[in-house]
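Peer 1: Now for the letters of each chain:
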Amino acid sequence: MKAQDFSYDVIIAGGGVVGCAIARELSRLDLNTALLEKEPDVGWGASCRNSGVVHAGYNNTPGTLMAKFCVEGNQGFEVLCAELDVPYKKVGKLVVADGPDEVPALERLKAQGETNGVRGLEMIDGDRVRELEPHLEHAYAAMYSPNSAITSPYLLTIALAENALANGVDIFLNSGVERIDRTPSASTAGGPEGIREGFIVKAGGREFRTRILINSAGVNSAELSRLAGVDLYTIYPCRGEYYVLDTYAGELVQHLVYPVPKPGSGGLGIHLTPTVDGNILIGPSNEYIESAEDYSVTAPVMKTLSEEARSYMPQLNGGFYIRSFAGMRAKQTPPEKGGYFDYVIKEEETCPGLINLVGIESPGLTASAPIARYVSGIVRNIVERSGREVCGKPDFILKRTAPVRFAEQDDEVKAKLIAGDPDYGEIICRCEQITKKEIRQAIENPLGARSLNSIKYRSRAMMGRCQGGYCTQRILQILRDEYGIMPEEIELGKNGSWVLSGGRCDVT
Amino acid sequence: MTKRHMTDRKDCVIIGGGAAGLAAAAACRENGIEDILLIERGEVLGGILNQCIHDGFGLHKFSETLTGPEYAQRYIDMITSRGIPVLLNSMVTGLSPDKVLTVINRGGLHRIQARSVILAMGSRERTRGAIGIPGSRGAGIFTAGVAQNLINMKNFMTGRRVIILGSGDIGLIMARRLTLEGAKVLMVLEKLPYPSGLPRNINQCLRDFDIPLHLRRTVSYIHGGGHLTGVDIAPIGDNGEIQPDRAEYMECDSLLLSVGLIPENELSRQAGVQLDPVTGGAVVDEYGQTSVPGIFSCGNVLQIHDLVDNVSLEGEALALGVKRYLEAGKLAEPGIKVFPGQNIRYCLPQHLSGQAPAVISFRPSVPGKLHTIIFSQNGKILRKKSLLKINPAEMERIELDSALLESGSPLQVELVPGRLQS
Numbered sequence: 001m002k003a004q005d006f007s008y009d010v011i012i013a014g015g016g017v018v019g020c021a022i023a024r025e026l027s028r029l030d031l032n033t034a035l036l037e038k039e040p041d042v043g044w045g046a047s048c049r050n051s052g053v054v055h056a057g058y059n060n061t062p063g064t065l066m067a068k069f070c071v072e073g074n075q076g077f078e079v080l081c082a083e084l085d086v087p088y089k090k091v092g093k094l095v096v097a098d099g100p101d102e103v104p105a106l107e108r109l110k111a112q113g114e115t116n117g118v119r120g121l122e123m124i125d126g127d128r129v130r131e132l133e134p135h136l137e138h139a140y141a142a143m144y145s146p147n148s149a150i151t152s153p154y155l156l157t158i159a160l161a162e163n164a165l166a167n168g169v170d171i172f173l174n175s176g177v178e179r180i181d182r183t184p185s186a187s188t189a190g191g192p193e194g195i196r197e198g199f200i201v202k203a204g205g206r207e208f209r210t211r212i213l214i215n216s217a218g219v220n221s222a223e224l225s226r227l228a229g230v231d232l233y234t235i236y237p238c239r240g241e242y243y244v245l246d247t248y249a250g251e252l253v254q255h256l257v258y259p260v261p262k263p264g265s266g267g268l269g270i271h272l273t274p275t276v277d278g279n280i281l282i283g284p285s286n287e288y289i290e291s292a293e294d295y296s297v298t299a300p301v302m303k304t305l306s307e308e309a310r311s312y313m314p315q316l317n318g319g320f321y322i323r324s325f326a327g328m329r330a331k332q333t334p335p336e337k338g339g340y341f342d343y344v345i346k347e348e349e350t351c352p353g354l355i356n357l358v359g360i361e362s363p364g365l366t367a368s369a370p371i372a373r374y375v376s377g378i379v380r381n382i383v384e385r386s387g388r389e390v391c392g393k394p395d396f397i398l399k400r401t402a403p404v405r406f407a408e409q410d411d412e413v414k415a416k417l418i419a420g421d422p423d424y425g426e427i428i429c430r431c432e433q434i435t436k437k438e439i440r441q442a443i444e445n446p447l448g449a450r451s452l453n454s455i456k457y458r459s460r461a462m463m464g465r466c467q468g469g470y471c472t473q474r475i476l477q478i479l480r481d482e483y484g485i486m487p488e489e490i491e492l493g494k495n496g497s498w499v500l501s502g503g504r505c506d507v508t
Numbered sequence: 001m002t003k004r005h006m007t008d009r010k011d012c013v014i015i016g017g018g019a020a021g022l023a024a025a026a027a028c029r030e031n032g033i034e035d036i037l038l039i040e041r042g043e044v045l046g047g048i049l050n051q052c053i054h055d056g057f058g059l060h061k062f063s064e065t066l067t068g069p070e071y072a073q074r075y076i077d078m079i080t081s082r083g084i085p086v087l088l089n090s091m092v093t094g095l096s097p098d099k100v101l102t103v104i105n106r107g108g109l110h111r112i113q114a115r116s117v118i119l120a121m122g123s124r125e126r127t128r129g130a131i132g133i134p135g136s137r138g139a140g141i142f143t144a145g146v147a148q149n150l151i152n153m154k155n156f157m158t159g160r161r162v163i164i165l166g167s168g169d170i171g172l173i174m175a176r177r178l179t180l181e182g183a184k185v186l187m188v189l190e191k192l193p194y195p196s197g198l199p200r201n202i203n204q205c206l207r208d209f210d211i212p213l214h215l216r217r218t219v220s221y222i223h224g225g226g227h228l229t230g231v232d233i234a235p236i237g238d239n240g241e242i243q244p245d246r247a248e249y250m251e252c253d254s255l256l257l258s259v260g261l262i263p264e265n266e267l268s269r270q271a272g273v274q275l276d277p278v279t280g281g282a283v284v285d286e287y288g289q290t291s292v293p294g295i296f297s298c299g300n301v302l303q304i305h306d307l308v309d310n311v312s313l314e315g316e317a318l319a320l321g322v323k324r325y326l327e328a329g330k331l332a333e334p335g336i337k338v339f340p341g342q343n344i345r346y347c348l349p350q351h352l353s354g355q356a357p358a359v360i361s362f363r364p365s366v367p368g369k370l371h372t373i374i375f376s377q378n379g380k381i382l383r384k385k386s387l388l389k390i391n392p393a394e395m396e397r398i399e400l401d402s403a404l405l406e407s408g409s410p411l412q413v414e415l416v417p418g419r420l421q422s
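Protein chains in written order, with my numbering: chain V, 1 to 508; chain H, 1 to 422.
A few of these clues could be false.
Listed below are the simulated DSS-like cross-link pairs for lysine-lysine, each with C-alpha atoms no more than 27 Å apart in a straight line [what the hints assert, rightly or not]:
no.: 1; chain 1: V; residue 1: K494; chain 2: H; residue 2: K154
no.: 2; chain 1: V; residue 1: K416; chain 2: H; residue 2: K10
no.: 3; chain 1: H; residue 1: K389; chain 2: H; residue 2: K10
Source of the hints: derived by calculation from the structure; they are not laboratory data.
Make a model of the complete structure from these sequences and hints.
Peer 2: Encoded structure:
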């Protein structure tokens with residue numbers, strides 16, 4: 001019934017890591033919740049375009065939501081990843097000072113971290129740094145943060161969405177919000193002191209009704225707020241470009257390696273980031289741009305990134321590059337100001353029922369679960385204001401299981417997997433050793449995302465050093481032969497990104 | 001538990017059933033090596049030859065022009081008629097220094113203890129990510145070999161209005177192929193002042209179809225959101241730097257990259273095989289033996305070839321060394337270092353034992369007219385030969401009589417302009 005009339009207690013607009021974390025958090029409660037995402041899959045904004053770092057929380061100003069949620073998020077991250085079967089590695093971070101002049105800034109950082117409740121921070125000398133990272137070229141001293149970690153930001157987002165789905169949240173992809181109207185009082189009101197108004201949300205060709213609207217639209221959050229009638233915010237998109245290095249470079253870097261942050265900068269500086277898959281990322285740059293959708297990489301930045309990487313470690317040369325990408329920070333601070341403004345997370349007084357999340361930039365990934373709990377509290381208050389009690393679901397499914405990663409198993413397990421399903425014996429992606437079984441599981445994902453990028457994020461096929469040179473054609477063939485999806489229907493990512501714009505050879 | 005540790009034993013395992021592996025397998029059997037296994041990850045033998053449906057293969061080897069599949073079939077027939085065991089649809093995922101292979105197929109995970117191994121895994125294409133073209137990352141960008149596979153093997157058309165970056169042979173072949181399929185190939189761009197592909201392909205694939213080749217030009221930016229809509233084409237300055245401020249926009253619906261091949265040495269690395277940073281392939285002696293005794297390498301996994309005929313010759317040449325290795329348990333130490341002199345980008349093998357006939361293959365570092373190739377030790381010329389033309393796109397192979405070699409002193413290979421008067 002509910003799927004037909006599209007009426008909900010709560011609608012979350014924006015399926016990034018924060019929106020999906022909120023969806024999962026609300027799915028613990030007996031609320032009728034939907035998540036709307038404008039792209040053909042979750043997590044395609046900032047959530048799949050970042051360093052994948054679980055920050056410790058020393059970078060943020062004490063007393064801010066940013067600092068509080070970052071520290072909380074860091075401390076709960078390992079458990080979260082275990083619940084959702086998402087990769088997590090506590091690799092630790094080195095914030096490296098090149099000379100004695102940078103040491104006071106490091107000490108301030110450490111003190112700030114301790115004020116924020118960050119545990120385990122330690123000042124170490126150059127020799128100790130070189131012990132931890134033998135290939136670093138310059139290291140006078142460093143602050144060592146043992147609790148800094150890495151995760152897979154897109155796998156986490158997908159896992160959160162899948163778990164929310166399993167717990168009854170409806171997820172609508174390709175459903176960008178086009179229009180928001182208030183419903184007249186009485187009609188949807190829950191009680192005399194309850195929500196005076198609800199919302200009619202037009203998205204993806206459907207008309208949704210909801211009592212509570214949560215705006216987790218990332219770089220588009222200011223615009224979405226405006227659509228709801230609250231014109232209070234401006235988001236300044238700030239692009240960060242990265243290089244992805246071959247896993248062969250992985251052995252050169254064991255920890256997160258960061259420079260000492262520059263005062264007033266709105267980023268943390270170009271750093272070296274090991275990924276959970278064994279690659280190294282170089283980046284990100286920090287550049288305010290006009291369009292929030294412009295994920296281009298640019299020649300000057302690529303040059304800077306490669307110079308920075310070589311200044312950390314001369315071995316990190318261009319021979320290791322396998323890809324570049326760009327992400328977008330949803331900054332509230334204008335270019336001339338720089339730095340950070342705290343997260344806005346609140347129900348708007350002028351628009352009851354609208355919960356805005358604005359300016360959720362880094363450390364948004366780390367902070368996503370605490371943010372979700374905080375938002376869940378606001379939702380409870382709103383609902384309970386209307387006289388309705390909110391209860392937890394007794395049958396909430398806490399755990400989500402990811403498909404088995406064949407390449408990560410030992411030979412004994414591999415043999416058993418193949419014996420159980422011969423599709424594990426067919427390797428489709430040679431670089432990352434991804435089997436046909438995993439490709440099939442990615443194609444048949446619970447969210448119903450069908451693009452090549454959706455298959456890529458879930459299976460890791462096409463992410464290796466040949467960048468799909470071997471497997472893309474095989475995946476296209478599986479889609480056609482085993483799922484009946486014709487080449488002209490297959491998109492790389494966004495709507496209209498036809499992989500084979502020529503169609504079929506015999507059809508012109 | 002029972003099956004897992006059952007290790008098969010083989011005298012010689014060949015990894016890869018493309019041009020190199022087929023030739024090596026056939027020649028090994030010809031030389032009396034009985035206990036052979038050829039492992040191929042695809043469902044048929046022939047490797048990349050199967051998607052090369054154009055002709056021009058076999059001119060040197062068979063004195064006739066064949067298509068890729070026809071050329072492959074000649075060797076497949078030899079494999080079949082000689083009864084050489086073949087494992088298809090099987091990926092070698094592991095190779096240890098003591099030559100234990102891990103093989104995965106739908107039947108399970110298998111271990112094979114080989115006495116000798118021939119690496120014939122071929123190469124992969126250099127990608128957009130590796131060369132770092134700025135701009136958007138939408139759909140419509142293919143490496144030329146992937147486009148060739150999609151069009152020739154799967155009937156998928158990659159685009160209708162095409163720009164090709166890089167004048168490597170696959171890009172040139174694809175310029176013609178796409179034109180024959182009804183696409184408009186707007187141009188081929190080459191950053192160097194000379195083409196990277198063979199002269200015959202420039203003539204037969206571009207000139208014959210009026211497809212322009214622009215030298216010292218490259219793609220400086222890719223436009224479009226989800227799908228590419230066009231590219232900026234910029235000249236390369238005298239200093240080799242791209243000049244984006246002089247770029248011109250050109251609309252297209254796909255971009256093909258033919259910017260080089262990279263030997264696929266993932267397994268070689270696992271086995272501890274020493275690699276040459278210039279070729280990207282193994283360091284070998286005249287037997288084709290790598291730094292790990294009993295592991296041999298041939299074809300594009302050893303060095304990138306321009307002619308399949310040479311790949312076959314390189315594969316066939318391994319049989320002697322494999323046979324000697326299996327009989328004696330080792331081969332003579334390669335004590336003579338081979339090093340490139342002037343105008344030589346690289347030469348192979350990197351060292352010689354002097355105990356077997358040697359074929360020295362090399363690529364010039366620049367194109368040019370009449371040159372003389374000179375092999376010398378300590379200033380003493382062992383052999384020289386005039387070459388009417390030299391071209392980095394064309395690998396040369398020249399035999400050297402091992403009886404002339406003096407043990408212990410390095411061999412220099414150089415190309416000097418003109419004809420050398422003796």
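Peer 1: Check the hint pairing K389 of chain H with K10 of chain H against an upper bound of 27 Å on the C-alpha distance.
Peer 2: 45 Å, violated
Peer 1: Are the Cα atoms of K416 of chain V and K10 of chain H separated by 27 Å or less?
Peer 2: Between K416 of chain V and K10 of chain H the Cα gap is close to 25 Å, so the pair holds against 27 Å.
Peer 1: Hinted pair, alpha-carbon criterion (27 Å max): K494 of chain V, K154 of chain H. Please report holds or violated.
Peer 2: 24 Å, holds
When each numbered hint is compared with the structure, a violation occurs for hint 3 only.
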